[in-house]
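K.L.:
So you can see what is in the structure, the chains are spelled out below.
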Amino acid sequence: MLRKLRIASAMLVFGSLTLFFLGAIDSLGILVQIQFIPSLLAANMLSILFLSILTLLIGRIYCSVLCPLGIMQDIIIWFARKKSKDKKRFTYSLAWTKLRYAILAIMALSFVTGFVLLLAIFDPYSIYGRSVTHLLSPLWMSVNNLLARVSDKYEWYFITKQTIYLQSIEALLLSMLSLFVIGFIALKYGRLYCNTICPVGTMLGMLSRFSLCKITVDTNKCNHCSRCAAKCKSSCIDSKTQEIDYSRCINCFDCIGICQQKALSFTIPSLRKQGEKNTEVSIGAVSRRRFLTTSALAMAGAVIATASPSTESVDVDEHLSVLPPGSKSHTHLSTHCTSCHLCVSKCPNQVLKPMSLEYGIATVMQPAMDFKKGYCDYGCNLCGIVCPNHAIKQLSLEQKQNIKIGYAIFDQSRCVVKTDDVNCGNCAIHCPTMAITMVDYKDKKIPSIDLSRCIGCGSCEYHCPACPGAIRVVGFAEHK
Amino acid sequence: MTEQTPKESGKNVNRRQALKYMGGGALGLAALMYGLDRKQRLAFLDKDAENSTPPQVNKRKANGLDRPLLGFGCMRLPVVDKDYSRIDTELAEKMIDYAYRRGVNYFDTAYPYHRGQSETFLGNTLKKYPRDSFYLADKMPGWIIKSLDDAKKIFAEQLKKCQVDYFDNYFLHGLSGGSELGTMSTDFSKVYEEMGVLDYLQQEKARGRIRQLGFSFHGDIPFFKQILETHTWDMVMIDLNYLDWSNTGSDDKLKNFPRGNIANKGRYAGDFYKLLEEKGIPCYVMEPVRGGQLAILNPAAVKVLKTADPNRSTASWALRYVATLPNVVTVLSGMSTLEHVVDNINTMTDFKPLITADYQVVDKALEAYLSHETIFCTGCMYCMPCPYGIEIPTVFKVFNECSGDLGLPDPEKPAINYQAQQRALLTRYNNTVEKYAQADHCIGCKKCEKLCPQRLLIAKHMRQIDDLVSKVKRQKGEF
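Chains A and B are the protein sequences, given in the same order. Take 80 as the starting number for the first sequence in my numbering and just add one per residue. Take 1229 as the starting number for the second sequence in my numbering and just add one per residue.
One should not assume that every hint holds.
[To be verified] Take a look, some chain B residues computed to stay more than 10 Å from chain A by CB distance:
#	residue
1	Gln1284
2	Tyr1357
3	Lys1418
4	Pro1450
5	Pro1639
6	Leu1654
7	Asn1658
[Claimed, not checked] In silico BS3-like links for lysine-lysine, alpha-carbon gap of 27 Å or less:
#	chain 1	residue 1	chain 2	residue 2
8	A	Lys497	B	Lys1688
9	B	Lys1507	A	Lys232
10	B	Lys1704	A	Lys451
11	B	Lys1356	B	Lys1289
12	A	Lys452	B	Lys1701
Worth flagging that the hints you see were computed from the coordinates, not collected in a lab. Heads up, the beta-carbon is just placed ideally off N, CA and C, and yes, glycines get one too.
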């Protein structure tokens, strides 16, 4: 029963999240907002509090129901079990405690120093986001385009064709690599990734050992058959000693149904009848002090990272990329974005594109404006609304329309008015803030830019007919 | 319980069947997309080739010579991969054979058609027929001629490409006002009179390499009169159809609607026809269906025509309208699908002229048609390629189709079906025209306007379409 409930809710979450990413549905963005690492980076205390209390009450349910990468691993394991003739069996193993905490420490360091690339590589939600954006989305779009072609043929215009192109080679390769590695680990060792590498798994594991409700073994009924251990994806049930490692148990409830002795149940351990011997955490336990120090470290990091992003000095001239409105500054974005690429797949004008290595390793895969395929529409503030990390802050339309993310530079020698001797003015026509006016130039008119009005939306660069463009937009290191 | 079981099982089967049909349907649709259509057409044409004595289209006499009422225009032949310069030769040849068997033996080509491929294709296709069994028309592209030698070279090249010794009809291609249409139409007096190209063509006529000499025309009335008076012509080709005929119909209500060429007020095709009739010069007709526009019209106008006669196609009304005029010799139609060929031949076989009641039907249909906003582009592609990459005819086509179909969305005064209009416009526009070829990239250089035989204010229309689309997009939240 519990297992079915878990599977049903996990499928629901996974399905809606994926559809949300693919753009098929617009609601349920809340599922993105409660992802753990993003909430931490966004200093979204409400969400962190909710997840902590949830974990303290009923264990690491987050890992089996809310984390899309966790659900994805469950799906892979389920498929493998269906396909293989001899059923996949897991065995109990000891936790790699030292490795776990070492990785967590590195992640915490990455978080504190603001070099979030490491966090971006290992955060489960971001891995999932990149995989959907760069691997699943092209497939989805090709099916969509095929359907569009068929329906167009019958003059039934309701499916919009999408442009498929390679957005970022780095993100594509990285998501292929992560999926391959995680898929391989999942097939071989179940949830080993979640219980050793994943920083969220480690952090929630520290809480879940103190959780109120747990899976408990009735030692009187258990006959040490180890069926539960073979079924356990987390390899956390030791049937010999009848003990469960609660720091690794993700509450998938697979073990409860499989036990023929009905020895396993999900209850509050202290409510059990007296006289029965209950098992509690003991394996791989760390001291409470250690737990407290680590969480204090994490909290301190959160405070530092969120409170003092602008104190670091940035060399203005080095950064030319135009960042989405709401990202405040190059420092803010680079210290908060874990490259889940939700903004990239949601951007209706396809102007957001993951950066390559051109601006250094720290900003690789983070979103920036690319005005070749589109421009930042004056009436759109979607990226800020969807970003769970608050790397792109949510802005009202009015705020967005007044933030200067960059400024336009006009190169007269490339302008078609000069080179082709034609009348143009396409930049001025499409400028939403009327920052461009056409001034006399011989017998024609040539653009002139009023920088006090320019907000750097890139509409002029996109609409410029010259090749290479006569007008281009350069980003501000700090948005004004 | 016992009652429910069969019901449930029935439901299951239905669902499974439905899925099966859906799967099959999708496959079927996919198959249709990939060429079965074309195969079926080819099979139809092959089978028809065994039919030895099909009924023949009507004939008319001009200057004592026989001409079929319908001519095969070779400017819009079927092409491969939407590439205008790659003619689908197999299909096109069989379409031409089909027409030839039914007495449609007048073929019209020109130097620029299909980027020069039309003449070559016709030469290859017609060489299997005796030269005296078909009539071939070609044209002198005056706008690229810089000297008399150019003209001589081009004429020789045309004969060679068409693999013939003479042309039955030869036209000076697309004469017009001169100054206005710049490169497209030459300054008539400069090229044809001063350079002596017209004299040269007269010599060719005397030598027998041209049998009949005339001109095709897109210009204005004074210029038309001038050419008719200063030279003698065997025939003239003008664009003529019921939309461009005059500014008012027989019905007074139509006075409120712009008729004739909207962009060039005061230019009515009917006036040109009347001048030719007065002078007794045989009239050849191009654009009788206005580049397919009068074959599509819009749902309201089609309904009017279908109510009047459900068995006649929309295009047949346009053909009959011009073919009813007594001074018209041959009506050219640029037929790009087998359906066009079959339909047009049916119309022109055992031809039924329009009677008074029919004229009223046409006027009613026109009224319905003109009540929707329309850009009068015939899709002739003379404007292409645009130096800034805009697919001008395609953009206009989408605009017209949306306007005629559900109507264009008006952000100021939303109609009841506003949402559907929005969606239709955006989807159709996005799916038909690539992003970089859309109206927002038009810089208004107006090079195309000098090339447009219809003299459309292309830049203005582009601005209008861009404004509409961006407004609608922003409202819908799709940018």
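K.L.:
All the hints need checking, so say for each whether the structure fits it.
P.N.:
Now the hints, each set against the structure:
1. Gln1284: Given a closest Cβ separation of 35 Å, the condition holds.
2. Tyr1357: Correct as stated: the minimum Cβ-Cβ distance to chain A is 36 Å, above 10 Å.
3. Lys1418: holds (24 Å)
4. Pro1450: Its Cβ never comes within 10 Å of chain A, the nearest being 29 Å, so this holds.
5. Pro1639: Given a closest Cβ separation of 13 Å, the condition holds.
6. Leu1654: violated (7 Å)
7. Asn1658: violated (5 Å)
8. A:Lys497 with B:Lys1688: holds (23 Å)
9. B:Lys1507 with A:Lys232: Violated, at about 48 Å.
10. B:Lys1704 with A:Lys451: holds (23 Å)
11. B:Lys1356 with B:Lys1289: holds (26 Å)
12. A:Lys452 with B:Lys1701: The hint holds at about 17 Å.
When the structure is compared with the earlier hints, violations turn up for hints 6, 7 and 9 and for no others.
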